[in-house]
Amino acid sequence: MAYQFPALTPEQKKELSETAQRIVANGKGILAADESVGTMGNRLQRIKVENTEENRRQFREILFTVDNSINQSIGGVILFHETLYQKDSQGKLFRDILKEKGIVLGIKLDQGGAPLAGTNKETTIQGLDGLSERCAQYKKDGVDFGKWRAVLRIDKQCPSHLAIQENANALARYASICQQNGLVPIVEPEVIPDGDHDMEHCQYVTEKVLAAVYKALNDHHVYLEGTLLKPNMVTAGHACTKKYTPEQVAMATVTTLYRTVPAAVPGICFLSGGMSEEDATLNLNAINLCPLPKPWKLSFSYGRALQASALAAWGGKAANKKATQEAFMKRALANYQAAKGQYVHTGSSGAASTQSLFTACYTY
Amino acid sequence: MPHSYPALSAEQKKELSDIALRIVAPGKGILAADESVGSMAKRLSQIGVENTEENRRLYRQVLFSADDRVKKCIGGVIFFHETLYQKDDNGVPFVRTIQDKGIVVGIKVDKGVVPLAGTDGETTTQGLDGLSERCAQYKKDGADFAKWRCVLKISERTPSALAILENANVLARYASICQQNGIVPIVEPEILPDGDHDLKRCQYVTEKVLAAVYKALNDHHVYLEGTLLKPNMVTPGHACPIKYSPDEIAMATVTALRRTVPPAVPGVTFLSGGQSEEEASLNLNAINRCPLPRPWALTFSYGRALQASALNAWRGQQDNAGAATEEFIKRAEVNGLAAQGKYEGSGEDGGAAAQSLYVANHAY
Numbered sequence: 001m002a003y004q005f006p007a008l009t010p011e012q013k014k015e016l017s018e019t020a021q022r023i024v025a026n027g028k029g030i031l032a033a034d035e036s037v038g039t040m041g042n043r044l045q046r047i048k049v050e051n052t053e054e055n056r057r058q059f060r061e062i063l064f065t066v067d068n069s070i071n072q073s074i075g076g077v078i079l080f081h082e083t084l085y086q087k088d089s090q091g092k093l094f095r096d097i098l099k100e101k102g103i104v105l106g107i108k109l110d111q112g113g114a115p116l117a118g119t120n121k122e123t124t125i126q127g128l129d130g131l132s133e134r135c136a137q138y139k140k141d142g143v144d145f146g147k148w149r150a151v152l153r154i155d156k157q158c159p160s161h162l163a164i165q166e167n168a169n170a171l172a173r174y175a176s177i178c179q180q181n182g183l184v185p186i187v188e189p190e191v192i193p194d195g196d197h198d199m200e201h202c203q204y205v206t207e208k209v210l211a212a213v214y215k216a217l218n219d220h221h222v223y224l225e226g227t228l229l230k231p232n233m234v235t236a237g238h239a240c241t242k243k244y245t246p247e248q249v250a251m252a253t254v255t256t257l258y259r260t261v262p263a264a265v266p267g268i269c270f271l272s273g274g275m276s277e278e279d280a281t282l283n284l285n286a287i288n289l290c291p292l293p294k295p296w297k298l299s300f301s302y303g304r305a306l307q308a309s310a311l312a313a314w315g316g317k318a319a320n321k322k323a324t325q326e327a328f329m330k331r332a333l334a335n336y337q338a339a340k341g342q343y344v345h346t347g348s349s350g351a352a353s354t355q356s357l358f359t360a361c362y363t364y
Numbered sequence: 001m002p003h004s005y006p007a008l009s010a011e012q013k014k015e016l017s018d019i020a021l022r023i024v025a026p027g028k029g030i031l032a033a034d035e036s037v038g039s040m041a042k043r044l045s046q047i048g049v050e051n052t053e054e055n056r057r058l059y060r061q062v063l064f065s066a067d068d069r070v071k072k073c074i075g076g077v078i079f080f081h082e083t084l085y086q087k088d089d090n091g092v093p094f095v096r097t098i099q100d101k102g103i104v105v106g107i108k109v110d111k112g113v114v115p116l117a118g119t120d121g122e123t124t125t126q127g128l129d130g131l132s133e134r135c136a137q138y139k140k141d142g143a144d145f146a147k148w149r150c151v152l153k154i155s156e157r158t159p160s161a162l163a164i165l166e167n168a169n170v171l172a173r174y175a176s177i178c179q180q181n182g183i184v185p186i187v188e189p190e191i192l193p194d195g196d197h198d199l200k201r202c203q204y205v206t207e208k209v210l211a212a213v214y215k216a217l218n219d220h221h222v223y224l225e226g227t228l229l230k231p232n233m234v235t236p237g238h239a240c241p242i243k244y245s246p247d248e249i250a251m252a253t254v255t256a257l258r259r260t261v262p263p264a265v266p267g268v269t270f271l272s273g274g275q276s277e278e279e280a281s282l283n284l285n286a287i288n289r290c291p292l293p294r295p296w297a298l299t300f301s302y303g304r305a306l307q308a309s310a311l312n313a314w315r316g317q318q319d320n321a322g323a324a325t326e327e328f329i330k331r332a333e334v335n336g337l338a339a340q341g342k343y344e345g346s347g348e349d350g351g352a353a354a355q356s357l358y359v360a361n362h363a364y
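Heads up: the sequence lines are chains A and B, in that order.
Position 64 of the first sequence, counting from 1, maps to 64 under full-length UniProt numbering, and the rest follow consecutively.
Position 163 of the second sequence, counting from 1, maps to 163 under full-length UniProt numbering, and the rest follow consecutively.
Chain B on its own, in the form it takes in the complex:
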């Protein structure tokens, strides 16, 4: 405990910190396009498209062929393993297309949740075996950041002390290994919105979870300036009868973060967790207008909340590709504004944009 054996050299630290800052540069956030094969099945079945490798490739092509307008609002894209090695119709690797836009390439590295015996349906996340070798390879193949999702849920007796401790520990091991390989770890301790708990309860649990995460990161000698956090916003459970405004959500969220996330962390990139596209943008905007002082960037790492309209516009038809890409660019630009507190609201109640994207007990 009293001796320091530096985990990283000064050069390694600088590289990690520079990457993190590039991703969350003012007005920029992350496109989470790392849906696993199983998750893509759910998305594609909703629009009546078969879940084949080709369809997944065609769909990601829709997103990645967005023009230069996304350069100012997308700082990073998270890939799934399969996608990292796919190419567009002209044979250009997706990785290159993204990098050429000045966007940082990221990779999902966890291998899904597994049960914690003796708990009330709680889980930890696997993927540590051989992680260092995988990271080294991904770094060679163009990835500069990674993402690992842990899942906690709120109920009568959860999250338990074990679930909090175990998930925090596994996140810290993952983060440490990433940094050893020049990869910025995005740390994602998601507390699911399933349940009927109110906003206060979610805030309380989020504070406990984040405190445990940052203690674990410190114990594991993780260099905070070279990490990003991907938390849930503090919201009521989906079945909670009380409705809260974006300002209330913003206040609860920023309060929780101020109490737990050290200022050394360069950015917080919220997950959308089933919020509709519009909700996710309005909440992010309110967060950036919250009067409490906040020393980190507060931006987005959205999957569903950036892609729902695009997916719906595409419906698997090549002819719709252009229109679908436009839908994506639109949401990206809106969230770029929200990340600066400059979004004025859509005014129109877009069909897909307002529709709740909640999927019970989401695991992807």
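Pulled out of the complex, with its shape left as it was, chain A reads as follows:
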């Protein structure tokens, strides 16, 4: 505790910090396209498309081959392992297509949940074994950031002290290993929206969780300037009867963050967690208009909230490519505006964009 054994050289720190800042520069956010095979199965089932490797490749191809101007709103894309090595129909690697657009590549690094015995069905996350070697390989293959999702839930006796400690610790180990290999770790401690608790309760829990996460990151000598945070917004549980406005969500969210997230963290990219596309955008906009001090960029790392309309437009048919790309570009642009507090709700959102994307106990 008394001595410092530097974990990173100044050059390593500089690289990490510059990468993190590039991802969230000027209102940019992240496309979370890292759905595992199982999760893609859920998505494709909704539009009645078979979950084959080819179908997954086709859908991702449509997203990644949009016009280059996407790079004004998307700073980074998180990929699943399989996708990193896939190619478009001309044989060009997806990762090269994205890099040529100036988009930073990320990779999902966790390997799913594992139960914590003696708890009320709580979990920790696996994936630390051989992580350093995996990170080194991904770095060689063009990746510059990683993502790891820990899950906490609100219920009787939950989240327990053990669940909070254990997930915070695993996140910190993952972050430390990433940085050793030149990858910026996105730290994702998701408090899922399942339940009927109110927004105030979510705020309390999120504050406790984030305080534990940042203590763990400090204990593990993680360089905060070279990380990003991917938290839940502070919202009521899905089964809560009380409704809250985007301004209320924004105030609760920013209050939570400013009590727990050090200013050294360059960016906070919210997960959408089952919110409809439009709600995810409206909430992000309200967050950026919140009058509290906000020394970090407040942006997005959306999966469902960027892709729902695009998926619906695609329906598995190549002929729908243009409509799919337009739907995706529209959400990307909307969220870029929201990340600057400049989103104006046009009122012309399609059915898919307001439809709740909540899937109980989401694991992907």
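Heads up, a few of these hints could be off.
Derived pair list, reagent style DSS-like, types lysine-lysine, alpha-carbon separation capped at 30 Å [to be verified]:
#1 B/K330 <-> B/K243
#2 B/K14 <-> B/K139
#3 B/K14 <-> A/K243
#4 B/K14 <-> B/K101
#5 B/K111 <-> B/K42
#6 A/K48 <-> A/K322
#7 A/K242 <-> A/K87
#8 A/K242 <-> A/K156
#9 B/K200 <-> A/K14
#10 A/K330 <-> A/K92
#11 B/K243 <-> A/K14
#12 B/K342 <-> B/K72
#13 B/K71 <-> B/K139
#14 A/K340 <-> A/K322
#15 A/K242 <-> A/K294
#16 B/K13 <-> A/K294
#17 A/K294 <-> B/K342
#18 B/K13 <-> B/K72
#19 A/K99 <-> A/K14
#20 B/K14 <-> A/K242
#21 A/K243 <-> B/K13
#22 B/K13 <-> A/K156
#23 A/K13 <-> B/K243
#24 B/K342 <-> B/K71
#25 A/K13 <-> B/K200
#26 A/K140 <-> A/K101
#27 B/K14 <-> A/K294
#28 A/K321 <-> A/K99
#29 B/K13 <-> A/K242
#30 B/K200 <-> A/K294
#31 B/K101 <-> B/K111
#32 B/K111 <-> B/K14
#33 A/K294 <-> B/K72
#34 A/K87 <-> A/K340
#35 B/K42 <-> B/K330
Because the hints were derived from the structure by calculation, they are not lab data.
Let chain A serve as the given structure and place chain B on it in line with the hints.
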């Protein structure tokens, strides 16, 4: 852990937050005039004055009779218990004189350091017994904030994990109790400048200590918006052969704070810890000119660095009182400018102002 039992009502939170903001309003800082009887002995012996209650009263009168010029640069004064109940020559209580200037009254509430057995000379701080009742009384008697000093030191094996944990915990208990009684706690985890360690080492230790402090405050449900932090600046040890500029000290200090102090904390009021008056002002100024983004006020809570010249000018003589008060006002105004990054430097090498005020292993 998952349930919240609110520690404070909305009204209590507002009162605490308003007090904190008043103390660190732009251009204002704190006069730490809370030297214990033992500490005053050292100060007075340096100018050949006997350490009697009357002399201590006369000396504080010199400071508190400063005219309205201090209103714009002093937001709070920390009192020692004895002084809180003393009066000036006209029978006006010191508390009233200070309050009438619109300055917030504070009180030192800790009861000094005690050893931690099994460590290398490390300590914790006592004073929790009956603290709630004492705070309630002080609040009635005009105090709106309090201060509690913990001490850590850097050496081969220190600060130890125990010292960090224990001092952070005791600070959090103190803070929680203060807030229950409408008193804003100033949290002071001082890392002494004793030793030959370099700037980097001090930065590393300061980051570890502050991370532990904020985790403890979170664990104890302390309302950060209603607290202030009184840390050491990040400096090399007194016996370190390397010299650093104010800009280097500023960069190391602000970096450490950005990595550990949540933006919800309204102000950071640095201790002077034995720096000369001029050094303390130049460093504070450099801190306020540091290019890194900082979401909290960065100001002063100085004892020696506000009083050295005044003490020297007074030397216990009534005839010198006016001149002594002028010296104090001068330093107060300089530090008010430094707290805004507007201090241009004295240009002259004042005798007392540049003299190092370092006292080995300072405990007061």
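Each hint, compared with the structure:
no.	hint	result
1	B/K330 <-> B/K243	holds (27 Å)
2	B/K14 <-> B/K139	holds (16 Å)
3	B/K14 <-> A/K243	holds (26 Å)
4	B/K14 <-> B/K101	holds (22 Å)
5	B/K111 <-> B/K42	holds (18 Å)
6	A/K48 <-> A/K322	holds (20 Å)
7	A/K242 <-> A/K87	violated (47 Å)
8	A/K242 <-> A/K156	holds (20 Å)
9	B/K200 <-> A/K14	holds (17 Å)
10	A/K330 <-> A/K92	holds (25 Å)
11	B/K243 <-> A/K14	holds (25 Å)
12	B/K342 <-> B/K72	holds (14 Å)
13	B/K71 <-> B/K139	holds (22 Å)
14	A/K340 <-> A/K322	holds (27 Å)
15	A/K242 <-> A/K294	holds (27 Å)
16	B/K13 <-> A/K294	holds (20 Å)
17	A/K294 <-> B/K342	holds (25 Å)
18	B/K13 <-> B/K72	holds (26 Å)
19	A/K99 <-> A/K14	holds (20 Å)
20	B/K14 <-> A/K242	holds (25 Å)
21	A/K243 <-> B/K13	holds (25 Å)
22	B/K13 <-> A/K156	holds (28 Å)
23	A/K13 <-> B/K243	holds (25 Å)
24	B/K342 <-> B/K71	holds (18 Å)
25	A/K13 <-> B/K200	holds (15 Å)
26	A/K140 <-> A/K101	holds (19 Å)
27	B/K14 <-> A/K294	holds (20 Å)
28	A/K321 <-> A/K99	holds (21 Å)
29	B/K13 <-> A/K242	holds (25 Å)
30	B/K200 <-> A/K294	holds (28 Å)
31	B/K101 <-> B/K111	holds (29 Å)
32	B/K111 <-> B/K14	holds (29 Å)
33	A/K294 <-> B/K72	holds (28 Å)
34	A/K87 <-> A/K340	violated (34 Å)
35	B/K42 <-> B/K330	holds (23 Å)
Violated hints, in rising order: 7 and 34; the structure is consistent with all others.
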